[in-house]
Amino acid sequence: AQSVTQPDIHITVSEGASLELRCNYSYGATPYLFWYVQSPGQGLQLLLKYFSGDTLVQGIEGFEAEFKRSQSSFNLRKPSVHWSDAAEYFCAVGVENTDKLIFGTGTRLQVFP
Amino acid sequence: EPEVTQTPSHQVTQMGQEVILRCVPISNHLYFYWYRQILGQKVEFLVSFYNNEISEKSEIFDDQFSVERPDGSNFTLKIRSTKLEDSAMYFCASRVLSTEQYFGPGTRLTVT
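As they're listed, the protein sequences go chains A and B.
Residue 1 is where the first sequence starts when you use my numbering, and the numbers rise one by one after that.
Residue 114 is where the second sequence starts when you use my numbering, and the numbers rise one by one after that.
Just so you know, these hints were derived from the structure itself, not from any lab.
Just so you know, not all the hints are guaranteed correct.
[Stated by the list, open to error] Below, in silico cross-link-like pairs of lysine-lysine (DSS-like), each with a Cα-Cα straight-line distance of 25 Å or less: (1) Lys-191(B) / Lys-155(B); (2) Lys-170(B) / Lys-68(A); (3) Lys-49(A) / Lys-191(B); (4) Lys-49(A) / Lys-68(A); (5) Lys-196(B) / Lys-49(A); (6) Lys-196(B) / Lys-155(B); (7) Lys-155(B) / Lys-170(B); (8) Lys-191(B) / Lys-170(B); (9) Lys-170(B) / Lys-196(B).
Please read these numbers as outputs of a predicted model, since none were measured by experiment.
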């Protein structure tokens, strides 16, 4: 069965530091991969997506993610974190021939000044 | 920028009562979804809806749940007889043709 694992429940970084949030998926074929962010009281906002092609994808607000088939990973990165990036981040996989997204448990990012 | 909206933001109900959660998807979108997130757990797919019928549902979506698109703009989730374990954040989402789903801010349902 398809699944998504986000091994880090909570990450704390200093403002200006680099960030990497981990995501691993389990799926037989090439998945559609997404990163969503949820700020308190807000919905899930799409940061970026991977469908095919270039394995390094750029998203909004300076985020990027790299699809690595050999590692079944789709890690989210940002070179310099801003205090406003504090939120919950969800990795999700879209499965071919179904209509649903399968989410990871999320990583809560805390940013210290 | 168009967005998915949901009402109410917070609903409190007693066990056994019926609740209707409302969503207004983005106007030109064709596919509609409900997901839920129990506190501390992952976001889970409930149901997808296209062309006025359910296209897929999860095992969570039992006979207590139903969805409807009563007019050209609203998309509702009804829970007929709520249980304590239905307490969760419920998210509506919609999309056009691409796989990218746009989510609403959610309705927090509390069953007492």
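| message | Taking the earlier hints as the rules, which of them does this structure contradict? | response | Those not satisfied are hints 2, 3 and 5.
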